[in-house]
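S.K.: Sequence:
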Amino acid sequence: LGKEKFHKSQHWGYCNNVAMLVGEDRPGIGGEPLPGQKLKPKHSVFPAGMGSDAPAWVAFDKQVLSFDAYFEEEVPYKNQELYRIRHCKIYFYLEDDTIQVIEPQSKNSGINQGTIVRRHRIPLPPPHEDQFYTIDHFNINIEVILYARRYKIIDCDQFTKNFLRKMGVRLNPPASRPDDPYTKEQQKVLDHMKPLRPYERLDTLKQFLEHDGHVLRFFCVWDDPESMFHDPRELVLHYYLSDDTIDIKEITPVNSGRDAVPLFLRRDKLPKYAPTGLYQPGTITSRTVLNVFGKLVGNRSHYILDNRKTGAVHQEFYRDSDLKIGAVINVWGRKIILCDCDEFTKEYYRTKYGVEDFTPVPYKAPPPAKTEKTFPPYTGFGSEEDSLCSCMGLLPKPPQKDFKKFMEKDRSGMESNILRFLAKLSTDSPIDKDRKFVISYFLSDDTISVFERIQQNTGILGGKFLERGRIKKPGQELFKSEPSEYFKAQNLFVGARVCFHGHNFLLVDADEYTFNYMEKHANEFSMADIGAILKKLENIAETRSQEIRQVFAAADPGHTKVIEYDPFRNLIVNITDGAFSEHEIITLGRYYSVRDEYEMDLHFLLAVAQEQLKKNNFENFEQLSAVLIYNDHEKCGVLPREMCRTICKSFKLPLADDNLQALLTMFEDDHKQVEYKKFVEGLNWRKNQIPAFQTIKVPLK
Numbered sequence: 001l002g003k004e005k006f007h008k009s010q011h012w013g014y015c016n017n018v019a020m021l022v023g024e025d026r027p028g029i030g031g032e033p034l035p036g037q038k039l040k041p042k043h044s045v046f047p048a049g050m051g052s053d054a055p056a057w058v059a060f061d062k063q064v065l066s067f068d069a070y071f072e073e074e075v076p077y078k079n080q081e082l083y084r085i086r087h088c089k090i091y092f093y094l095e096d097d098t099i100q101v102i103e104p105q106s107k108n109s110g111i112n113q114g115t116i117v118r119r120h121r122i123p124l125p126p127p128h129e130d131q132f133y134t135i136d137h138f139n140i141n142i143e144v145i146l147y148a149r150r151y152k153i154i155d156c157d158q159f160t161k162n163f164l165r166k167m168g169v170r171l172n173p174p175a176s177r178p179d180d181p182y183t184k185e186q187q188k189v190l191d192h193m194k195p196l197r198p199y200e201r202l203d204t205l206k207q208f209l210e211h212d213g214h215v216l217r218f219f220c221v222w223d224d225p226e227s228m229f230h231d232p233r234e235l236v237l238h239y240y241l242s243d244d245t246i247d248i249k250e251i252t253p254v255n256s257g258r259d260a261v262p263l264f265l266r267r268d269k270l271p272k273y274a275p276t277g278l279y280q281p282g283t284i285t286s287r288t289v290l291n292v293f294g295k296l297v298g299n300r301s302h303y304i305l306d307n308r309k310t311g312a313v314h315q316e317f318y319r320d321s322d323l324k325i326g327a328v329i330n331v332w333g334r335k336i337i338l339c340d341c342d343e344f345t346k347e348y349y350r351t352k353y354g355v356e357d358f359t360p361v362p363y364k365a366p367p368p369a370k371t372e373k374t375f376p377p378y379t380g381f382g383s384e385e386d387s388l389c390s391c392m393g394l395l396p397k398p399p400q401k402d403f404k405k406f407m408e409k410d411r412s413g414m415e416s417n418i419l420r421f422l423a424k425l426s427t428d429s430p431i432d433k434d435r436k437f438v439i440s441y442f443l444s445d446d447t448i449s450v451f452e453r454i455q456q457n458t459g460i461l462g463g464k465f466l467e468r469g470r471i472k473k474p475g476q477e478l479f480k481s482e483p484s485e486y487f488k489a490q491n492l493f494v495g496a497r498v499c500f501h502g503h504n505f506l507l508v509d510a511d512e513y514t515f516n517y518m519e520k521h522a523n524e525f526s527m528a529d530i531g532a533i534l535k536k537l538e539n540i541a542e543t544r545s546q547e548i549r550q551v552f553a554a555a556d557p558g559h560t561k562v563i564e565y566d567p568f569r570n571l572i573v574n575i576t577d578g579a580f581s582e583h584e585i586i587t588l589g590r591y592y593s594v595r596d597e598y599e600m601d602l603h604f605l606l607a608v609a610q611e612q613l614k615k616n617n618f619e620n621f622e623q624l625s626a627v628l629i630y631n632d633h634e635k636c637g638v639l640p641r642e643m644c645r646t647i648c649k650s651f652k653l654p655l656a657d658d659n660l661q662a663l664l665t666m667f668e669d670d671h672k673q674v675e676y677k678k679f680v681e682g683l684n685w686r687k688n689q690i691p692a693f694q695t696i697k698v699p700l701k
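First residue of the sequence shown: 1, per the UniProt record's numbering; consecutive thereafter.
No wet-lab data here; the hints were simulated from the structure.
Treat the hints with caution; some may be incorrect.
[To be verified] Restricting the straight-line Cα-Cα distance to at most 25 Å, the calculated cross-link-like pairs of lysine-lysine (PhoX-like) are:
{"hint": "1", "residue 1": "Lys404", "residue 2": "Lys472"}
{"hint": "2", "residue 1": "Lys152", "residue 2": "Lys89"}
{"hint": "3", "residue 1": "Lys249", "residue 2": "Lys152"}
{"hint": "4", "residue 1": "Lys678", "residue 2": "Lys615"}
{"hint": "5", "residue 1": "Lys436", "residue 2": "Lys424"}
{"hint": "6", "residue 1": "Lys397", "residue 2": "Lys480"}
{"hint": "7", "residue 1": "Lys520", "residue 2": "Lys405"}
{"hint": "8", "residue 1": "Lys561", "residue 2": "Lys615"}
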């Protein structure tokens, strides 16, 4: 068969007097077709210009023709049926001429249904198996053969009909759809079958779908009279709206001595308590059945369902309309009071029944007064915090440190987070009154250390005066239950008097970082809050404005509108009568201060730079000059400042970036270009050494 197909699709021919196989589309001599040869048309049957020029996979994307069909299948292994009619759907995909056959699922069919033929191009039956099915092979009321199985097309959908009409296909009338004989017989048997017992349909699906997951919750109490202590039992009642069932759960208090059970009442319909007591088992049934024949006809019996439910015992169950705050329900002989409900329950009753009063019933006894925990006094062993932790539990734990504060206030880069004050002893002793101390306050853990400045020929060794640690405020009782108070950062400011372990210190000054930090965090340090200081000064100086102007005029005879700090301080002290601390006066002076810039001329910058280069033994001036000349492509003797800075950084020039930028600015011309030859000559401390000199600081005004 394979050889036959091969010879059918190929023919022998000659090319350059050599015999060879050629395709079947090659015509004979003179372009005439060979005997038995069928040439395929090269052009469509539709004239050019009609339809869309888009490819098929774009023009017919997601367009499918749907045909209703069936096929007969022999059943040789069953006597009940000789053949079987199987209905299916044939889908023809226009984008690539693929075909798919699917059989719809039917209940209890017992056969594999679903995809019969997967989607692909299907060849025509022999003898045209070299061709494939196209849209031209499909119509209504015809038969198609797919892989030796004959399908009868009986109908199609409206889209398929419209498409075939547009293609010029004349549609045949639809065929009738035959029934499967075996399925028909089985349906007759099922229709005549009766259930084994009388059946009554109770439709609860609607209620379930509407209220599934909707639960009403009530907080209840049951005063158990038979318990030893007559204590009330707190309960939670859940009413399920989907099936009108109720369950109750008990809230077991801690250390109550009661066993924790899952449920107080399992989920079920809760009947209302009958006056005559409980019904016996079997008295209440879901349906009533009547024996029609009794024992009249032999031993045969026939039962039917009593739709009228004659003699049936009707029992009432608790519904949502029976539940409300303050109501008492009978739960199998136990009187339970509904005291409160949740917000969903309130909204449900407000919407359905129009209830607006949801005043809860008080059922909980007022909690006993909470006794304040008292701690024993400090024993004197270890720190107070460590001794207090031993009173918190049976297993003593070390005191917890404020780790977050430590991470925020620890040293980070140029931020030391250390407040340093200059202090002296507050004493009349001629030996101690001239001693100078540096008090450092560490913001990360509120510790304080004191160092004494070394002064020659005083006979006192300087250095560490007080080990770093937290310092208690004086005047507190040692053995007490309350924790002691320690010095905070707010207690330290210029002019403050502090007592560290019996040593009285007077804070007379602080460093620049301390002043800046306290002014930046003025909300924490009231002595550095310029807004509060100005408001305080305004109330005092409002009546003495004339005196203030006279003092200013006397201190500024040249009318420069600037005076020294000392006259300004004396004026503030006089008009405030000592109401301002020294730190507040300094903050006020710093706020209105005039800071003259230091005179930074070229010679001073070069002297400082040469000193740095000399200390680091930098002598690569020739190489630096050569690289600058190499980057000067126009050979004009100038380069951009950023390029010069980058080249200097590549040579690891031991100069601070600010000093380097200032030096480069000094050697710029009118066009903001750096004259690099003069720059290198100025830095060369070997050839052009400049003697260093000190600048004179202008006092604060």
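S.K.: In ascending order, which of the hints set out earlier in this document are inconsistent with the structure?
M.R.: Numbers 3 and 8, in rising order.
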